[in-house]
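The hints should help you fit chain B onto chain A, whose structure is shown.
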Amino acid sequence: MNSTEKELLKIIADMEDIPAGAYNIRSNGALESRNSTEKVEIKDKTDKSGSDITVRANTKGETVHIPVIIDKGGFTDLVYNDFIIGDNADVTIMAGCGIHNCSDKQSGHDGIHTFFIGKNARVKYIERHYGDGDKSGKRVMNPTTVINIGENGYMEMETAQIKGIDDTTRITRASIEKGGTLVIHEKIMTNNTQHAATDFSVDLNGENSSANVVSRSVACDSSTQTFKSNINGNNLCSGHTECDAIIMDNAKVSAIPEINANHIDASLIHEAAIGKIAGEQLIKLMTLGLDEKQAEEEIINGFLK
Amino acid sequence: MLELKEVCFSVDTENGKKDILSGISLKIEDGFVAITGPNGGGKSTLAKITAGIIKPTSGKIFLDGEDITYLSVTERARKGISFAFQQPVRFKGITVNDIIRLSAGKEITVGEACDYLSKVGLCARDYIDREVNASLSGGELKRIEIASVLARGTKLSLFDEPEAGIDLWSFNNLINVFENMQETLGGSIIIISHQERILNIANKVAVISGGKLLAYGAKSDILPELLGATNASCSVLENAVKGDKR
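So the sequence lines, in the order shown, correspond to chains A and B. For the first sequence, position 304 matches number 304 in my numbering, and the numbering has no gaps at all. For the second sequence, position 184 matches number 184 in my numbering, and the numbering has no gaps at all.
If you are wondering where the hints come from, they were derived from the structure by calculation, not from laboratory data. Beta carbons are placed, not taken as given, at the ideal position from N, Cα and C, and that holds for glycine. Hints are all accurate, no fakes.
Here's a subset of chain A near chain B, in silico, CB distances under 10 Å, partners left out:
# : residue
1 : Arg216
2 : Asp244
3 : Glu280
4 : Lys284
5 : Leu285
6 : Asp291
7 : Asn301
8 : Gly302
Under the rule of at most 16 Å between Cα atoms (straight-line distance), these lysine to aspartate or glutamate pairs were calculated in the EDC-like manner:
#  : chain 1 : residue 1 : chain 2 : residue 2
9  : B       : Lys5      : B       : Asp67
10 : A       : Lys305    : B       : Glu131
11 : B       : Lys48     : A       : Glu280
12 : A       : Lys305    : B       : Asp129
13 : A       : Lys228    : A       : Asp199
For reference, chain A alone in the conformation it holds in the complex:
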């Protein structure tokens, strides 16, 4: 692995060495290295590009790394990863994609991740997207996450677009059974002329199922963002969706939250707020000795922390 690839891995997956536990590192569309453990098996798919990651029932405390890196200019990768999480398991999955594009051609990654979370299982899923490069070639990422949470299952998804992605359409679809819970925290930063679209749709099908979908974003320069969130309450359930965006310069942000109560005992809330940085916040930090630019950076860093 070259130094660029190592740097990308560090940014998207905090990986400086080969990680302990199961991992699958994909580089420029091919397997770079892989490790399965006694409780976590990673195998190639037989019908398409990608892997099946199977976590045995009752597995506790393991972390699985599934990063993708691309540093070949003009290269587009499409990968399907399925995560089958056994009953009562409790694991962390770190995914993410880093693109380094030093060419004038577009590089891209489309990752389709599908989760099947067993009864009483818990998953923390961390996904980071990052791009860099000094040529005109665009860096494009279109992640799709399909989530199926079984009875009393739990999934927490932290998804962040750190920087450097010119265009992205991020789709998340979730179906939650009895007693299941889904928590999503999304963070997005766009600048220049970048565009980011996120589209969440959650079906709360089971009794006492719940979902909390929270997105925080910052749009700078002439970038554009669209946030769509749809929660369908199909049973006794509770759902909350929130979009909070800081808008700067000539950026444009649209927030389209939607909640549909299809059951008398569905309790659903949506919130959306878009605005520039409050002047009093800047002044407060300036009274601590920061100049306006430093104050702005602190506010943004805190907001997207």
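Leaving out everything else, chain B in the frame of chain A:
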């Protein structure tokens, strides 16, 4: 030393120009100075003018002899002015630890954060990772605001009604904080307050009303008149009341 020379501030209203401050001149040496007076008299405006948040319509401001009238908020902060807001600002995502770190101007350990927070009656362990947002009560925010000024440790510390929004129990602790502040911070400490107990620990008291400085002198000279004013002939209060009606 802070010196204000003929500081005026006026705003345009529907009924014409309104004077908020009319020629305030004041020299504040090292030590503890309380500024008091009726609500709406111009005290907070004066504090904001000192911190650079508001520019005076006319007049000059000097810090240790240097004219800082035209310096920005940031420049004044770097020259050694700290300001605790009457209504602390809330942030999404910025934590108590961030505020203390930014105030100190360097990375700080949990132990150091604890030193500042414990002085205002907060347990660092419970607070350092909390966001400075609406989940904190008004009293908690005020105490964090005061801790941030302690962490800055500058030669001029300015507090705008630090007692506002703080419950009685916390207020007793707060008095101890201000009693010890002279030792902790040194320099000039200016507190805008209506509280007798805060006025009592000041070396000097200034009375501002109707945009004018009505009295400024040793606590022993000003306070008896102010506190005895409810009964009868208090010239300071009489003037203050007149000033308030203007």
